[in-house]
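Sequence order for the protein chains is A and B.
Residues in the first sequence are numbered consecutively from 125, following the numbering used here.
Residues in the second sequence are numbered consecutively from -9, following the numbering used here.
Just so you know, the hints here were simulated from the structure itself, not pulled from any lab data.
Treat the hints with caution; some may be incorrect.
Unchecked claim - Calculated cross-link-like contacts (lysine-lysine; reagent style BS3-like; alpha-carbon spacing at most 30 angstroms):
no.	chain 1	residue 1	chain 2	residue 2
1	A	Lys155	A	Lys197
2	A	Lys197	A	Lys159
3	A	Lys360	A	Lys155
4	A	Lys360	A	Lys230
5	A	Lys137	B	Lys(-2)
6	A	Lys158	A	Lys236
7	A	Lys159	A	Lys360
8	A	Lys137	B	Lys33
9	B	Lys9	A	Lys291
10	A	Lys137	B	Lys28
11	A	Lys291	A	Lys204
12	A	Lys291	A	Lys158
13	A	Lys291	A	Lys159
14	A	Lys158	A	Lys204
15	A	Lys291	B	Lys(-2)
To be verified - If we take Cβ atoms under 10 angstroms as the criterion, some of the chain A residues that face chain B in the derived model are:
no.	residue
16	Glu179
17	Asp303
18	Met304
19	Asp315
Quick reminder that beta carbons are idealized off the backbone N, C-alpha and C, glycines included.
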Amino acid sequence: MSNSEVIVVTSGKGGVGKTTTTANVGCGLAKQGKKVCLIDTDIGLRNLDVVMGLENRIVYNLVDVVEGNCRVKQALIRDKRNPGLYLMPSAQTRDKSAVSPGQMIKVIEHLKEQFDYILLDCPAGIEQGFQNAIAGADRALVVTTPEVSAIRDADRIIGLLEANGFKRMDLLINRLRMDMVRRGDMMSANDVVDILAIPLIGIVPDDENVVIATNQGEPLVGSESPAGRAYANVVKRIMGQEQPFLNLERGISFWTRVSGIFHKA
Amino acid sequence: MKRFFHRKTSREVAKDRLKILLISDRVNCSPEMMELIKMDIAKVISKYMKIDAANMEILINAKGKGARGRTPTLYANIPILDLHKQ
């Protein structure tokens, strides 16, 4: 079966929530009954294992697979809490040059036979780590926060993805604070979409439950929390299901609209 | 009028700054390259008509419409001295 989708989660800027997004989207897809493989491509700075709470079960990693120290299957960690969810961790003691784009493509081609979705957690930056992460992907999830620096980097990344032939790119806006948007102190989701001009796939509100979930090493997708619900919606949209954006998600309050009328005067 | 009722919110400031920032980011074109493009355009047009190359100007603007919204567009302003070059 090669109906599998290979999605790279990328952002350019660090710290906007790529790893958290990878963990939650992957976990959510598995909860929907899909077979999912997450690959941490951040060689030297691996973190996806920690966010997933699987850090104590690593034996082999991506670099071991590439160098032939083990078989692909041996490097896959099965998440016991979520049937169908697997993680291929990155190496912590190596650097980005340990893997080439060609080698990534080979590993992914192998995994495609067994999985519905392969999610690649991309490192920050636009150097070799980025090139490795996008090499085998056919779809991208661009993560940004509503901040000038993150949006600027996202724009750069979108340009690079376009130059690399990506046709499907979706935007995930992370850590939106509705209270600040209402005050006029944060760009709204619409503002960000206006600027970056790629399809929106989700808006994840700033939610302290994300920190708590990360502390515990357990993705919060599907839980009764604002971010948990938002990620559940992202998962459905990735699977191609129409999913209306919650009012809170869109983020234009009545008063913003009313005051907007005056602003135009 | 606008100024009287409304001080710019930080959200609007951010949006305006980003728009300008991204135009130059997307163009990724150095002044030297602009000068080379200008010289080449002058050379080509000169084959057909007499132009005032010293007073021509080119600039890149974000007005055009492309796949991703505001695509930068190249504008050239070339004074023609004689339309019919013999």
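So, going through the hints one by one against the coordinates:
The straight-line distance between the Cα atoms of lysine 155/A and lysine 197/A is roughly 22 angstroms, inside the 30 angstroms bound, and the hint therefore holds. The hinted pair formed by lysine 197/A and lysine 159/A meets the criterion: a straight-line CA distance of about 14 angstroms does not exceed 30 angstroms. Between lysine 360/A and lysine 155/A the CA atoms are separated by roughly 11 angstroms; this keeps the pair inside 30 angstroms, and the hint holds. For the proposed pair lysine 360/A and lysine 230/A, the alpha carbon gap of about 29 angstroms is at most 30 angstroms, so the pair holds.
Proposed proximity of lysine 137/A and lysine -2/B is supported: the alpha carbons are some 27 angstroms apart, at most 30 angstroms. At most 30 angstroms may separate the alpha-carbon atoms for a hinted pair to count; lysine 158/A and lysine 236/A meet this at roughly 13 angstroms. Between the alpha carbons of lysine 159/A and lysine 360/A the distance comes to roughly 15 angstroms, so the proposed pair stays at or under 30 angstroms and holds. A distance of roughly 43 angstroms separates the Cα atoms of lysine 137/A and lysine 33/B; the hinted pair therefore is violated under the 30 angstroms criterion.
At most 30 angstroms may separate the alpha-carbon atoms for a hinted pair to count; lysine 9/B and lysine 291/A meet this at roughly 24 angstroms. A C-alpha spacing of about 35 angstroms is found between lysine 137/A and lysine 28/B, which places the hinted pair above 30 angstroms, so the restraint is violated. Between the alpha carbons of lysine 291/A and lysine 204/A the distance comes to roughly 35 angstroms, so the proposed pair goes past 30 angstroms and is violated. Pair hint lysine 291/A plus lysine 158/A holds up; C-alpha atoms about 23 angstroms apart against a cutoff of 30 angstroms.
Taken as a hint, the lysine 291/A and lysine 159/A pair is honoured in the structure, with Cα atoms around 24 angstroms apart against an allowance of 30 angstroms. For the given pair, lysine 158/A sits about 15 angstroms from lysine 204/A by alpha-carbon distance, which is consistent with the 30 angstroms threshold. A threshold of 30 angstroms between alpha carbons decides the hint, and for lysine 291/A with lysine -2/B the separation of about 37 angstroms lies outside it, so the pair is violated. With its C-beta approaching chain B no nearer than about 37 angstroms, glutamate 179/A sits outside the 10 angstroms limit, and its interface hint is violated.
Because the smallest distance between the Cβ of aspartate 303/A and any Cβ of chain B comes to about 13 angstroms, over 10 angstroms, the interface hint for this residue is violated. Given hint, methionine 304/A at the interface with chain B, holds; its Cβ is 8 angstroms from that chain's nearest Cβ, closer than 10 angstroms. Interface restraint check: aspartate 315/A against chain B, minimum CB-CB distance 5 angstroms, threshold 10 angstroms, status holds.
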